[in-house]
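J.: Given next are the chains, with one letter for each unit.
Number of protein chains: 2
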Amino acid sequence: MDVIQALKERRSINFFDPERSIPDDTLKELLEIANLAPSSFNLQPWKVIAVKDRGRKKVLRRCAFDQPKVEEAPVVLIIVADPMGVEENRNAVIESNIELGYMKPEATESTLGMIQTLYGPPNSPQRKVFAVKNASLFAMSVMVAARGLGLETHPMDGFDEGAIKKEFGIPNDKIVPMIIAVGYMKPGVTLLPRAYRRKVEDFVRFE
Amino acid sequence: MDVIQALKERRSINFFDPERSIPDDTLKELLEIANLAPSSFNLQPWKVIAVKDRGRKKVLRRCAFDQPKVEEAPVVLIIVADPMGVEENRNAVIESNIELGYMKPEATESTLGMIQTLYGPPNSPQRKVFAVKNASLFAMSVMVAARGLGLETHPMDGFDEGAIKKEFGIPNDKIVPMIIAVGYMKPGVTLLPRAYRRKVEDFVRFE
Numbered sequence: 000m001d002v003i004q005a006l007k008e009r010r011s012i013n014f015f016d017p018e019r020s021i022p023d024d025t026l027k028e029l030l031e032i033a034n035l036a037p038s039s040f041n042l043q044p045w046k047v048i049a050v051k052d053r054g055r056k057k058v059l060r061r062c063a064f065d066q067p068k069v070e071e072a073p074v075v076l077i078i079v080a081d082p083m084g085v086e087e088n089r090n091a092v093i094e095s096n097i098e099l100g101y102m103k104p105e106a107t108e109s110t111l112g113m114i115q116t117l118y119g120p121p122n123s124p125q126r127k128v129f130a131v132k133n134a135s136l137f138a139m140s141v142m143v144a145a146r147g148l149g150l151e152t153h154p155m156d157g158f159d160e161g162a163i164k165k166e167f168g169i170p171n172d173k174i175v176p177m178i179i180a181v182g183y184m185k186p187g188v189t190l191l192p193r194a195y196r197r198k199v200e201d202f203v204r205f206e
Numbered sequence: 000m001d002v003i004q005a006l007k008e009r010r011s012i013n014f015f016d017p018e019r020s021i022p023d024d025t026l027k028e029l030l031e032i033a034n035l036a037p038s039s040f041n042l043q044p045w046k047v048i049a050v051k052d053r054g055r056k057k058v059l060r061r062c063a064f065d066q067p068k069v070e071e072a073p074v075v076l077i078i079v080a081d082p083m084g085v086e087e088n089r090n091a092v093i094e095s096n097i098e099l100g101y102m103k104p105e106a107t108e109s110t111l112g113m114i115q116t117l118y119g120p121p122n123s124p125q126r127k128v129f130a131v132k133n134a135s136l137f138a139m140s141v142m143v144a145a146r147g148l149g150l151e152t153h154p155m156d157g158f159d160e161g162a163i164k165k166e167f168g169i170p171n172d173k174i175v176p177m178i179i180a181v182g183y184m185k186p187g188v189t190l191l192p193r194a195y196r197r198k199v200e201d202f203v204r205f206e
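If you're matching them up, the sequences are chains B and V in order. Numbering that gives the first Met the number 0 puts the first residue of the first sequence at 0, with every later residue one more than the last. Numbering that gives the first Met the number 0 puts the first residue of the second sequence at 0, with every later residue one more than the last.
Hints in this document: simulated from the structure, not taken from any laboratory. Check each hint, because a few of them may be wrong.
FRET-style restraints, in silico, Cβ to Cβ [to be verified]:
id	chain 1	residue 1	chain 2	residue 2	range
1	B	T189	V	G54	44 to 54 Å
2	V	P192	B	E87	52 to 62 Å
3	B	G112	V	K103	48 to 58 Å
4	B	G161	V	E108	22 to 32 Å
5	V	S109	B	P120	22 to 32 Å
6	V	P192	B	P120	28 to 38 Å
7	V	S123	B	E105	19 to 29 Å
Each residue gets a CB set at the ideal place from its N, CA and C atoms; glycine is no exception.
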């Protein structure tokens, strides 16, 4: 599918075919492709819980204001934004950057210093912005990649974040910016016309 | 261009052709397509300053730790996440939702109540997460749409946010999660191999 068409025809789908599951290989491919999203200093501060089990989806549905699509979609991804992604991934990223020729070993200290300056200590407000923005770049990539694999999605933030953290063992310092239902559209469903968007001149200023 | 190929081949480009500008129509098309990104309750809490002017790019470069690509790329987009997107857009969104058949008029009050519950009052921490996540969905859509229009991008968060706000008249309650250089790749440049990514099993748990 053409990339512009994929973006133009991507819609948030309310009706998934509950009879049609996603093959494991397809789900893995989806996550692998989405994981090519860029991130701050390539720190990739996101994690995913891919909920496929019927019983676990029931639990998730209860955390998500009883939205039927949470149970009807074959997979629901809990997107986890991790403010500790800095500490967790910086060594592997820097090591690989040196190996691939992106930076010289002697730049390690200044790179770590810049990361520290920009994102502050764990629990700082900058860390929250850092984690959420990057996890959302990943999330959008999931939704676009899905189109290329014949899948539909629906991002949701109508849920009780505390309940999801409790039920799915997510530590309290993490943020769940959204959950994404993934699956195949229910046959015979007709979509409403695309919802309201502002005109370019209403949200862009050219300088 | 195929959507999967677009995602797999998207790279953060350091070398833009400074001689090649983006036609106004193409830039507008890019922003229009990216603006189809989904958002919380379709509230679209993002704004963009598209910096094209040579002098203004010089100013922006000074705010961005003197990164040459800020001046070399023909356009740099300042992505603005707006916590006040709730108040600004909710009426237009609800009106259109009723018109298009997404909701009944009598659901207006409960919808507004749910928005209030989820995102809290202006200046609340939830509002920051709300604004940043949605603006980042838009930002990723810009980077993907660019590929379909033959353009390359580079998202940056190496900048002094306070300086950008001051120089570009962005009110202090807004957040600038990133700026994105957009343009054409400099001829003759060879990219390094793609940087490190974790394996699926390192960031996904299946349940």
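J.: T189 of chain B and G54 of chain V, beta-carbon distance inside 44 to 54 Å?
T.: holds, 51 Å
J.: Cβ-Cβ distance between P192 of chain V and E87 of chain B: within 52 to 62 Å?
T.: violated, 23 Å
J.: Quick check: does the Cβ-Cβ distance between S109 of chain V and P120 of chain B fall within 22 to 32 Å?
T.: Between S109 of chain V and P120 of chain B, where Cβ atoms are some 40 Å apart, the hint is violated.
J.: Taking 28 to 38 Å as the hint, is the beta-carbon distance of P192 of chain V and P120 of chain B inside that range?
T.: holds, 33 Å
J.: Just tell me: holds or violated, for the beta carbon distance of G161 of chain B and E108 of chain V against 22 to 32 Å?
T.: holds, 25 Å
J.: Tell me if the beta carbons of G112 of chain B and K103 of chain V are separated by a distance inside 48 to 58 Å.
T.: holds, 56 Å
J.: Honestly, do S123 of chain V and E105 of chain B meet the 19 to 29 Å range at C-beta?
T.: violated, 44 Å
Violation of the numbered hints given earlier is confined to hints 2, 5, 7; the remaining hints are satisfied by the structure.
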